[in-house]
Amino acid sequence: MAEAMNAPYTSLLATRGLNAWYGESHILHGVDFEVHGGEVVTLLGRNGAGKTTTLKSVMGMVEKRSGSVQFQGAEMIGLPSNRIARLGIAVCPEERGIFSSLDVEENLLLPPQVAAGGLGLAQVYELFPNLKERLRSQGTKLSGGEQQMLAIGRILRTGARMLLLDEPTEGLAPVIVQQIGRTIARLKAEGFTILLVEQNFRFAATIADRHYVMENGRVVDMIPNAQLDANMHKLHEYLGV
Amino acid sequence: MRAPFRTTAMDSIFGVPVQALFGQLLIGLINGSFYALLSLGLAVIFGLLNIINFTHGAQYMMGAFVAYLLASKAGLGYWWSLALVPLVVGFTGVVIERLMLSKLYRLDHLYGLLLTFGLALIIQGLFRNEYGTSGLPYAMPAELAGGRNLGFMFLPNYRAWVIVASLGVCIGTWFVIEKTKLGSYLRAATENPALVQAFGINVPRMITLTYGFGVALAAFAGVMAAPIYQVSPQMGADLIIVVFAVVVIGGMGSIMGSIVTGFALGLIEGLTKVFYPEASNTVIFIIMAIVLMFKPAGLFGSQK
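Protein sequence lines, in the order shown, are assigned to chains W and E.
Be aware that the first sequence starts at 1, since it is given in the numbering used here, and climbs by one per residue.
Be aware that the second sequence starts at 1001, since it is given in the numbering used here, and climbs by one per residue.
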């Protein structure tokens, strides 16, 4: 049963005592977790538990943070988000962040390449064929599912191998959720490392290696996916479902 | 034998002599060129910085003064000034952004407005102290002296150049912002700077350079204005009130809106001088009031 714990992973991303603030509000109170190279790890928890803030803190997108965030062994707590991105981390935000003053192609080409080895445009279109037919459309004129594909597709081009995805399935039709799920599975197979914020743990269970459970700005538990069934009662309690 | 009356179609339109009509339209276009250049700079700055740059008029005046100083102290002529002055004055903008404006982005817009308004008063005061209030002359470039007779009117070469150069700069700026990769960064950062920065783009530097560019546009307009209007510390303050009305009519932050509205309002002002001179100083503000009643975000603006 300890297989997932002892697997030959190396810690790619790790936080220690991560605190974060929005203005006067203290949101994160010492978050500890780690993600190994090639893993898909989720952050589960109720609304307001601090999942999105954790992603934003890793990316340097909060006003104030303290503690430690290490990527490939290098400390990132003092870096601005543009420098963090250049280390090979890319974010797909919860609200998707499609730009309305840019057309689909401009949205897709916006994030600069930060490393070699990103997907080519042809590969992105192969993953998300809908995008290719809508290149001249205004970004925000796409359906919710297409916007999500665009938000994921554009960061795959950059060469970043560590992806932070914030609720990529939120509000989408089941068929689209399946497509996103297949995409994440394929990215994992190709060696991408993914940190995923999810409300829908049934979806998360189909693609993740491990789950961290957050409550009140802290990580309170870690459940390997293989032990999810055995911990279902605990999880129901955490998530209140 | 008496000559027949020949004052109909060819010589007058609606009872106004053709010469006067086109003369006023030309003046309107010239004014419109400056409205467009200045409101374009304001729009670029407002779009990304969310700051209403009240220093804009003073920076336009600085453009004219630096051109005057380059000519009188260094012997550098108009064309040198056209190239150098936007760089010099734009650099002062970069310094202002780095040292002062950048501290205000987290605060209410009002603070940016107060700071830039205060800076305008200080800059104008310094120049008034040094050079007095009477205007200083600036020579027209020899290449553009004289003019040509178009048959229906006389067109001074320099005024034609102002219109062409201003149109060129406006369209070039529009092209860069709307049609290039650099422009897509700018548009995206206007919408969501935090996300654009998280993609790896140095947004604070982009903001600094954008402010510098907007200021450079004002300085460029100042150099172009120097041979037409007199170079005086007050020249920007007089103009900027009208330019703010242009910006409000066009829509805050809209690039195309500021260009089209700038030229159009110059023309409308010119026409008003022909047909109802009493209203020529107020027509722009009347239009502003009407536009605000029906489209509060301006003709080209979108509600933010």
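Please note that the accuracy of each hint is not assured.
Unchecked claim - Heads up, simulated BS3-like pairs for lysine-lysine below, C-alpha to C-alpha not over 27 Å straight-line:
1) E:K1181 x W:K132
2) W:K141 x E:K1179
3) W:K141 x E:K1295
4) W:K132 x W:K64
5) E:K1181 x W:K141
6) W:K64 x E:K1295
7) W:K132 x E:K1179
Unchecked claim - Which chain W residues stay away from chain E? Per the calculated CB distances, all over 10 Å, these:
8) I84
9) R86
10) E106
These are calculated hints, taken from the structure and not from any lab test.
Ideal placement from N, C-alpha and C gives every residue a C-beta, glycine not left out.
Hint-by-hint comparison with the structure:
A hinted pair counts as satisfied when its Cα atoms are at most 27 Å apart, and K1181 (chain E) with K132 (chain W) qualifies at roughly 19 Å. Proposed proximity of K141 (chain W) and K1179 (chain E) is supported: the alpha carbons are some 19 Å apart, at most 27 Å. A distance of roughly 24 Å separates the Cα atoms of K141 (chain W) and K1295 (chain E); the hinted pair therefore holds under the 27 Å criterion. For a cut-off of 27 Å, the pair hint linking K132 (chain W) to K64 (chain W) is broken: about 39 Å separates their Cα positions.
Taking the CA atoms of K1181 (chain E) and K141 (chain W), the gap is near 21 Å; set against the 27 Å cutoff, the hint holds. Between K64 (chain W) and K1295 (chain E) the CA atoms are separated by roughly 39 Å; this puts the pair beyond 27 Å, and the hint is violated. Proximity of K132 (chain W) to K1179 (chain E) is assessed by CA-CA distance (about 20 Å); at most 27 Å being required, the pair is judged to hold. Once the 10 Å rule is applied to beta carbons, I84 (chain W) is inconsistent with being away from chain E; the minimum gap is 8 Å.
Taking the minimum C-beta to C-beta distance to chain E, about 5 Å, the non-interface status of R86 (chain W) is violated against the 10 Å cut. Separation of E106 (chain W) from chain E is inadequate, the least Cβ-Cβ distance of about 5 Å not exceeding the 10 Å criterion.
Checked against the numbered hints given earlier, this structure breaks hints 4, 6, 8, 9, 10; the rest are met.
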